[in-house]
Amino acid sequence: MRHAQGPLLTVDLTNRTATAESIDDVLADFPGGRGLNTRLAYDRIPFDVDPLGPENRLYLSTGPMQYSTTSYTGRMSATAVSPLTNGLCSSNAGGFLSRNFTGAGYAAVEFVGESEELLAVHVREADADGTPSVEFEPVEDLAGAEVSAVSDRFAESHDLAAENVACIGPAGENGVRFASIMTSDTRAFGRGGLGAVLGSKGVKAVTFDGDADAAIDVDWPDDAGDVHREAATSDSIMKRQGTASVTELANEVNALPSYYFSERSFEGAAGISGDRVEEKKYKKGTCSACAFACKLPTRDEATGLETEGPEFETVMAFGSNAGIDDIVDVMGANELCDELGMDTISCGDVVSMFLESEDEFGNAELVHSLVEQIAYREGVGDKLAEGVHRAHEEFGAADWSVKGLEFPGHDGRTLNGQGLAFATSNRGADHMYGEFYPYEYPLVGKEDALEPSGLDGKPPKIVAKENRNAVLDSAVICKFSRGVVTDDRLARLLDADYENLIRMGGRVVELERAFNNARGFDRDDDTLPYVDAIDGFEAGLSEYYELRGWNDDGTVPGYADGDVPAVADD
Numbered sequence: 007m008r009h010a011q012g013p014l015l016t017v018d019l020t021n022r023t024a025t026a027e028s029i030d031d032v033l034a035d036f037p038g039g040r041g042l043n044t045r046l047a048y049d050r051i052p053f054d055v056d057p058l059g060p061e062n063r064l065y066l067s068t069g070p071m072q073y074s075t076t077s078y079t080g081r082m083s084a085t086a087v088s089p090l091t092n093g094l095c096s097s098n099a100g101g102f103l104s105r106n107f108t109g110a111g112y113a114a115v116e117f118v119g120e121s122e123e124l125l126a127v128h129v130r131e132a133d134a135d136g137t138p139s140v141e142f143e144p145v146e147d148l149a150g151a152e153v154s155a156v157s158d159r160f161a162e163s164h165d166l167a168a169e170n171v172a173c174i175g176p177a178g179e180n181g182v183r184f185a186s187i188m189t190s191d192t193r194a195f196g197r198g199g200l201g202a203v204l205g206s207k208g209v210k211a212v213t214f215d216g217d218a219d220a221a222i223d224v225d226w227p228d229d230a231g232d233v234h235r236e237a238a239t240s241d242s243i244m245k246r247q248g249t250a251s252v253t254e255l256a257n258e259v260n261a262l263p264s265y266y267f268s269e270r271s272f273e274g275a276a277g278i279s280g281d282r283v284e285e286k287k288y289k290k291g292t293c294s295a296c297a298f299a300c301k302l303p304t305r306d307e308a309t310g311l312e313t314e315g316p317e318f319e320t321v322m323a324f325g326s327n328a329g330i331d332d333i334v335d336v337m338g339a340n341e342l343c344d345e346l347g348m349d350t351i352s353c354g355d356v357v358s359m360f361l362e363s364e365d366e367f368g369n370a371e372l373v374h375s376l377v378e379q380i381a382y383r384e385g386v387g388d389k390l391a392e393g394v395h396r397a398h399e400e401f402g403a404a405d406w407s408v409k410g411l412e413f414p415g416h417d418g419r420t421l422n423g424q425g426l427a428f429a430t431s432n433r434g435a436d437h438m439y440g441e442f443y444p445y446e447y448p449l450v451g452k453e454d455a456l457e458p459s460g461l462d463g464k465p466p467k468i469v470a471k472e473n474r475n476a477v478l479d480s481a482v483i484c485k486f487s488r489g490v491v492t493d494d495r496l497a498r499l500l501d502a503d504y505e506n507l508i509r510m511g512g513r514v515v516e517l518e519r520a521f522n523n524a525r526g527f528d529r530d531d532d533t534l535p536y537v538d539a540i541d542g543f544e545a546g547l548s549e550y551y552e553l554r555g556w557n558d559d560g561t562v563p564g565y566a567d568g569d570v571p572a573v574a575d576d
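If you're matching positions, the sequence shown starts at 7 in the working numbering and goes up one per residue.
Just so you know, the hints here were simulated from the structure itself, not pulled from any lab data.
Incorrect hints may have been included.
What the hints assert, rightly or not - Listed below are the simulated BS3-like cross-link pairs for lysine-lysine, each with C-alpha atoms no more than 30 Å apart in a straight line:
{"hint": "1", "residue 1": "389", "residue 2": "452"}
{"hint": "2", "residue 1": "287", "residue 2": "245"}
{"hint": "3", "residue 1": "286", "residue 2": "485"}
{"hint": "4", "residue 1": "245", "residue 2": "485"}
{"hint": "5", "residue 1": "471", "residue 2": "452"}
{"hint": "6", "residue 1": "467", "residue 2": "485"}
{"hint": "7", "residue 1": "485", "residue 2": "289"}
{"hint": "8", "residue 1": "485", "residue 2": "290"}
{"hint": "9", "residue 1": "467", "residue 2": "452"}
{"hint": "10", "residue 1": "245", "residue 2": "290"}
{"hint": "11", "residue 1": "467", "residue 2": "245"}
{"hint": "12", "residue 1": "471", "residue 2": "485"}
{"hint": "13", "residue 1": "287", "residue 2": "485"}
{"hint": "14", "residue 1": "286", "residue 2": "245"}
{"hint": "15", "residue 1": "485", "residue 2": "452"}
{"hint": "16", "residue 1": "245", "residue 2": "452"}
{"hint": "17", "residue 1": "245", "residue 2": "389"}
Predicted model, so just to flag it, every value in this text is computed and none were measured.
Build out the structure end to end from the sequences listed, making use of the hints.
Have a look at this one:
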């Protein structure tokens, strides 16, 4: 099996030291990305850790596909215990950082301890004798700086581009529980509040400056070229509208959350649709080495507003869920979240919750003000910065979250398989963990499409999707490669038997679950605000557990006292 190359770099922020150690034994079982991060976190983070305390560890890594130059591979993974969900959480981001990270020569980097002084950590290629080259730079001048200002600072002082930088905005410094880590200015390790973890460690930015081209020295099969060519020649609507292309379909099938989840369709959907996004797109946007180019640099000529996006989930959270029907208003909220460093889904949902409590749906000016108040924890923003789960009672609202993570679109009350997938996801209410919604809209061919209602036959497919997505997140390969990176191609690209890869993906899911079990998670956490709306939910959940070989209370057998059962070989 192909895997990431190089040692683990441990950056001790308390003592300002950096050490490297071999992790070849871990890489033999987990190729990189989410899988590698999860195993390291399981072994090294105390189960009872405070997510915002110095004993939490944050992991960044890439996988073997970042040594290629094929499409869908400009991504990397971040993992820590989430201050939003209180469980182990992995998030990945696109952009251009992954090649610079790979060029620095490490399979993964972990950040431990905390600094009393705000720092930037600069990681460069190791010295000739293997000694890590890491600089700890005090950056008190960047306290409170927005994301683009951080990039500008390092462009001027270190001749580094935005694609060399991963940083937090004011939200991360202020401990907003859904703060993002941003890279390339507009790409986010968005879900789960990992930006707050970095902020709690006193780190404003991390930069990676390695020779990515020199690091790419792998004999790839012809599939790599085939994938790249098909990405370039695809006529997918995603190239014009990104994920916003699904907005009107979701609305038509009654799966577009609106007015803080009180409705499932929105009369103003046309004003925030993929067509409106396409009208604002003024050039192509992509991630490193990717010919699919589905990103959305957008501009409103009337106001001069420029941003990247919005994607569908942002359109939902700051559009239909907030009662906003003007794409420019959604673009404004998106740009604020990028600059301030926050997950647009969680932020939009918590703002929508407040709008409901004040009967202010549709008030775009208030929305933008609330986004800023949240980032700086000012006024009502201080409470909203805690997220829906912790704040909903104060505002007399329903708790629209799973395991503390706010909901995206693709409403599970209509798309019942996606609803169960929201519940089983170790990350919480996340659409990309099990990514079941394409079967139920459907966005796949007729032979793979499923009826959206009911759960008959769906638990096995949810298990399969979760396992395969864990493989993609470990490789690291973008999930928009659906239909191009086939099962056979995935196996050849990773030089592995496909069934063994899927077993590895299942092991990643199991390790996450076992870690969370040790923190008190069980079946009671695998629930939804609308379980009664899904016929057979409890039976489907039990079937899911049985298929995974877990206990019916949602716990994993065999992990007592932190033990990890040996990997079974065929």
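Cross-check of the supplied hints:
{"no.": "1", "hint": "389 / 452", "result": "violated (46 Å)"}
{"no.": "2", "hint": "287 / 245", "result": "holds (11 Å)"}
{"no.": "3", "hint": "286 / 485", "result": "holds (25 Å)"}
{"no.": "4", "hint": "245 / 485", "result": "holds (15 Å)"}
{"no.": "5", "hint": "471 / 452", "result": "holds (18 Å)"}
{"no.": "6", "hint": "467 / 485", "result": "holds (16 Å)"}
{"no.": "7", "hint": "485 / 289", "result": "holds (23 Å)"}
{"no.": "8", "hint": "485 / 290", "result": "holds (19 Å)"}
{"no.": "9", "hint": "467 / 452", "result": "holds (16 Å)"}
{"no.": "10", "hint": "245 / 290", "result": "holds (8 Å)"}
{"no.": "11", "hint": "467 / 245", "result": "holds (28 Å)"}
{"no.": "12", "hint": "471 / 485", "result": "holds (11 Å)"}
{"no.": "13", "hint": "287 / 485", "result": "holds (22 Å)"}
{"no.": "14", "hint": "286 / 245", "result": "holds (14 Å)"}
{"no.": "15", "hint": "485 / 452", "result": "holds (20 Å)"}
{"no.": "16", "hint": "245 / 452", "result": "holds (23 Å)"}
{"no.": "17", "hint": "245 / 389", "result": "violated (38 Å)"}
Checked against the numbered hints above, the structure breaks hints 1 and 17 and satisfies the rest.
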